[in-house]
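2 protein chains.
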Amino acid sequence: MENSREKVLRSGPAPAADEGPTAGRTPARPRGRPRSFDREAALEKAVLAFWERGYEATSVADLTQVMGIGAPSLYAAFGDKRSLFEEVVGVYTDRYGSFGARALAEEPTVRGAFQRMLREAADLYTAPGHPHGCLVIHAATNCTTPEVEESLRVRRNEDIAAFESRVGAGIAAGELPAGTDARALARYARAIIQGMSQQARDGASREELAALADMAMSIWPRVRADRVYAAGESSGDVR
Amino acid sequence: MENSREKVLRSGPAPAADEGPTAGRTPARPRGRPRSFDREAALEKAVLAFWERGYEATSVADLTQVMGIGAPSLYAAFGDKRSLFEEVVGVYTDRYGSFGARALAEEPTVRGAFQRMLREAADLYTAPGHPHGCLVIHAATNCTTPEVEESLRVRRNEDIAAFESRVGAGIAAGELPAGTDARALARYARAIIQGMSQQARDGASREELAALADMAMSIWPRVRADRVYAAGESSGDVR
DNA sequence: TTTTTTCTCTAGCACCCGCTATAAAATCCA
DNA sequence: TGGATTTTATAGCGGGTGCTAGAGAAAAAA
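So the sequences go chain by chain: F and W. Residue numbers 1 to 239, in this note's numbering, belong to the letters of the first sequence in order. Residue numbers 1 to 239, in this note's numbering, belong to the letters of the second sequence in order.
Simulated from the structure, these hints should not be mistaken for laboratory data. Quantities reported herein were computed from a predicted structural model and do not represent experimental measurements. The C-beta atom is built at its ideal place from N, Cα and C for all residues, glycine as well. Where hints are given, some of them may not hold.
Only some residues are given here: those of chain F computed to face chain W with a beta carbon under 7 Å [what the hints assert, rightly or not]:
| no. | residue |
| --- | --- |
| 1 | T141 |
| 2 | R156 |
| 3 | S218 |
A few chain W positions that, by computed beta-carbon distances, are all more than 12 Å from chain F [what the hints assert, rightly or not]:
| no. | residue |
| --- | --- |
| 4 | R35 |
| 5 | D80 |
| 6 | G90 |
Covered stretches of chain F, going by a simulated chain W footprint (3 or more residues, C-beta under 8 Å) [said to hold, decoys possible]:
| no. | region |
| --- | --- |
| 7 | 126-139 |
| 8 | 188-200 |
Go ahead and model the full structure; you've got the sequences and the hints to work with.
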């Protein structure tokens, strides 16, 4: 009687399946009454709601309202509130929260990677059309469900580890002095992002966050390689 | 019937009054049955509870348990949950959260002030005996009561303004270059503190936060005056 | 002692929470 | 058409929320 809702929770809208397990001619439309709402559109609404108010403060009644569906439909399509939130975190990460990983992977220099990351954070955290700040940083604070709070905490600490790994690669590549404290530099960059997210929630503008980011980057050691890839940036307002 | 609980909520424990308004010999002990608990001790317990779990996630049942009193006693002594929280924020600020203002007021140089502030933040945010991180930063996030969330937001933005004011004074005193962006530098320092608080909540150690703080201070411009007052500090791990 | 004042305890209010039983509606297959 | 299957809307469950009425208990005042 506990996990009687294991129905695979198929993801696409009903008439859009590609091919069924049986080799019939019909495009394998599901058997019963089709779903009357767009699952992905409803999920996107849930992303915005959780992003805005966090996990606990967003009630199921709030969710059914913004998603435009009834509670039984929500539970049939997404499981309980917690698994909906986990799916929301995945969608958020894919659609909004991956700018950091992309910068780390795509930029050829450590400095360029973090410079781009901070500037894109200033853009995303103050962009119109969605809540300000970062869902991963804020949506599960002060949470009475410890597992939910812990899941985002794990993600945040994984981010710091990824920062440290990239800094270490930069040291190995000779972009940073051999004595550089990769751990501290990773925590430093992460602190800047966390502070930017908080200040975005508190009303800071894109320009204010961009100035903050530039100032934070002025700590970064400059070596020859930076001149090649990052020639056009300003060096901050101090000094 | 709305505000029938305007009883002045006297603060001291019952038998400790100093002198009454009437010039009688007796030490002006209050009339009825004396309170059976120490109001300040109970308030300190409430500080720790709100600090740990935040405003919403701390229920009145939680409060009555850790404070060791019944709900009617709590409401008689502190008003409703929201006014108790406001009093808690005041106690927190006085007892724990004033290290920043003290550093700004007492240190002779801007650089010394922020250096001390960040180092003391690393200590406080990871100290044993109380929750990690900063109550003002975390206790009212994702709050369904907008006034509570707003009250701490105002405090945070006032802190940024105080930072900016101190930086401006440093510029005027010639400690910082005339072209320094005081607003951005204030937001930068505040972001470091917010990031340190978040990472303390996520499990960072005092040493990790101290290394983060030292790295953050390596951005700070050095001028002649710094040598006088802050001669013994390390200059960070990078470069 | 008696009265007055105040606090404490028990119990419970109205409301909101996450979640679901039930039955009607909408589709497919035979 | 007639099941079979799945989703939908209505309604409501048990439990937790902030908060309080009412009665009794402990002190000072008369």
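Hints and how they fare:
1. Annotation: T141 of chain F was flagged as interfacial toward chain W, and the flag holds, the nearest CB pair being 5 Å apart, inside 7 Å.
2. The criterion of a C-beta within 7 Å of any C-beta in chain W is met by R156 of chain F, whose closest approach is roughly 6 Å, and the hint holds.
3. Look at S218 of chain F: its Cβ gets to within about 6 Å of chain W, closer than 7 Å, so that hint holds up.
4. For R35 of chain W, the condition that its CB be more than 12 Å from all CB atoms of chain F holds, with the nearest at approximately 30 Å.
5. Non-interface status of D80 of chain W relative to chain F is upheld: no Cβ of that chain comes within 12 Å, the nearest being about 19 Å off.
6. No beta-carbon of chain F comes within 12 Å of the beta-carbon of G90 of chain W; the shortest separation is about 20 Å.
7. With a threshold of 8 Å between beta carbons, the proposed coverage of the region 126-139 of chain F by chain W holds, since 3 of its residues qualify and at least three are required.
8. With 10 residues having a Cβ less than 8 Å from any Cβ of chain W, the region 188-200 of chain F passes the three-residue criterion, so the hint holds.
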